[in-house]
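Asks: Spelled out, the chains give:
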Amino acid sequence: MDTSEQYANMCQKATGIQQLRRMESYIDITEKDYYITALGSDLPTTWLPRQDQLQEIVHTCCTNPMCLLIDFFNYCRELPNPAPEGTDSMEQLWLLFTMKTIYSKEEWDGD
Amino acid sequence: MDTSRQYIDMCIKAEEIQKRWGVLPGDYVWDRIDLVFPLSHNNITYIFKDPRLLDMIFWLPRQDQLQDIISENWQVVWGDFHLWIQDYDVPGTTRVDVLGLTSMEQVWLTFVMYELYKKEWRTGEWKGIQ
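Line by line, the protein sequences give chains Z and P.
In short: position in the first sequence from 1, add 180, done, that's this note's numbering.
In short: position in the second sequence from 1, add 323, done, that's this note's numbering.
FYI, nobody ran anything at the bench for these hints, they're computed from the structure.
Even glycine gets a Cβ: it sits at the ideal position worked out from N, Cα and C.
A hint or two may mislead.
Okay, the calculated bits of chain P under chain Z, using three or more residues with CB under 8 Å as the criterion [claimed, not checked]: (1) 378-391; (2) 394-405; (3) 414-424; (4) 428-437.
Please model the entire structure based on the sequences and the hints provided.
Replies: This is the structure:
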């Protein structure tokens with residue numbers, strides 16, 4: 181699971197994704213989900229979604245994983261090989277794909 | 324996260340994967356009373372006090388954990404996975420459909436079992452590929 185500063189920054193700026201999480205409760209956050217918590221605070225500030233959680237957000241119409249994979253492969257095919265410069269993990273790649281698919285952020289640079 | 328009966332069965336029977344488990348908080352497990360839950364810090368404390376508890380639970384690995392089993396270099400993992408998905412000879416269908424895989428966790432587990440142990444999920448068992 182990517183818990184790097186880069187992924188945390190990307191997630192923090194993906195406000196649409198963060199809002200999705202805020203609609204749910206914070207019950208068992210420490211066991212089930214990854215969050216960044218600011219120093220000196222008990223409250224989580226930024227949710228770091230796992231791959232399956234991003235897939236759940238983006239994959240709403242079809243239960244066959246192949247549908248999702250084909251869309252993801254097509255997305256990756258359009259990218260510089262094998263991934264955008266500076267992308268360091270599968271979580272980051274899935275976040276970029278989710279932002280493009282759901283929020284039409286074509287060349288999302290984190291803003 | 325896939326907590327379906329099929330994924331639980333696939334994980335229970337993937338003994339090679341179970342042996343690789345380094346128990347951590349947040350890991351999803353299935354226990355013999357048929358509950359699926361992420362391990363809490365308290366659970367881990369109990370396990371360390373009584374390791375026999377490990378005989379009663381099975382690890383349901385997440386996608387990132389399955390990917391880490393293959394390599395720490397995610398680009399290598401992704402490249403190999405991409406080739407494996409595409410390398411299927413039967414026209415009009417896919418490996419995912421033929422094997423009846425219904426989630427990304429199942430697809431990744433199947434890839435890891437193929438890549439490392441040359442096994443495939445057939446009729447409810449991991450079987451060596453001829």
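Asks: Taking the hints in turn, state whether each one holds.
Replies: Here is how each hint holds up against the structure:
1. 378-391: holds (count 5)
2. 394-405: The restraint on the stretch 394-405 of chain P holds, since 6 of its residues have a Cβ under 8 Å from chain Z and three suffice.
3. 414-424: holds (count 4)
4. 428-437: holds (count 3)
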